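**Student:** Sequence:
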Amino acid sequence: MDRDFAGGGSAAPQISIASEGGSGTPVPDLSIEVDNLDDVHRRVIAKGMPIEYGPTREPWGVRRFYVRDPFGRLLNILAHD
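Quick note, the numbering used here runs 48 ahead of the 1-based positions in the sequence shown.
Treat the hints loosely; a few may be bogus.
[Stated by the list, open to error] Label-pair ranges, simulated between beta-carbon atoms:
1. S67 - A94: 30 to 38 Å
2. A60 - A94: 28 to 36 Å
3. R116 - E68: 13 to 21 Å
4. E100 - S67: 14 to 22 Å
5. P98 - S71: 14 to 22 Å
6. G96 - A60: 26 to 34 Å
7. A94 - I65: 30 to 38 Å
8. I63 - G96: 24 to 32 Å
9. A60 - P98: 29 to 37 Å
Hints are computed from structural coordinates only; laboratory data are not their basis. Everything numeric in this text was worked out from a predicted model, so none of it was measured. Every residue gets a Cβ at the ideal spot worked out from N, C-alpha and C, and that includes glycine.
Required output: the full structure, derived from the provided sequences and hints.
**Tutor:** The structure is reproduced here in structure tokens:
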């Protein structure tokens with residue numbers, strides 16, 4: 049089983065329903081908050097997955113990028129500043 053993106057910690061789950069993606073982007077299918085955005089970005093690039101947006105720092109205090117999973121779902125990978 050490939051566990052490249054599995055974390056060892058425990059965080060309280062949060063569910064938000066988005067009506068827009070922000071900064072003129074499409075609404076993502078799923079947002080995933082990570083501890084180290086640069087590390088996850090490098091790992092996504094190394095797997096050959098094309099980045100669709102970012103990475104960028106947004107005015108509401110997050111850094112993020114968009115990537116599509118193998119099933120075509122748009123993922124918003126983010127970290128709070």
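**Student:** Does each hint hold? Answer for all of them.
**Tutor:** Taking the hints in turn, this is what the structure says about them:
no.	hint	result
1	S67 - A94: 30 to 38 Å	holds (33 Å)
2	A60 - A94: 28 to 36 Å	holds (30 Å)
3	R116 - E68: 13 to 21 Å	holds (19 Å)
4	E100 - S67: 14 to 22 Å	holds (19 Å)
5	P98 - S71: 14 to 22 Å	holds (19 Å)
6	G96 - A60: 26 to 34 Å	holds (33 Å)
7	A94 - I65: 30 to 38 Å	holds (32 Å)
8	I63 - G96: 24 to 32 Å	holds (30 Å)
9	A60 - P98: 29 to 37 Å	holds (32 Å)
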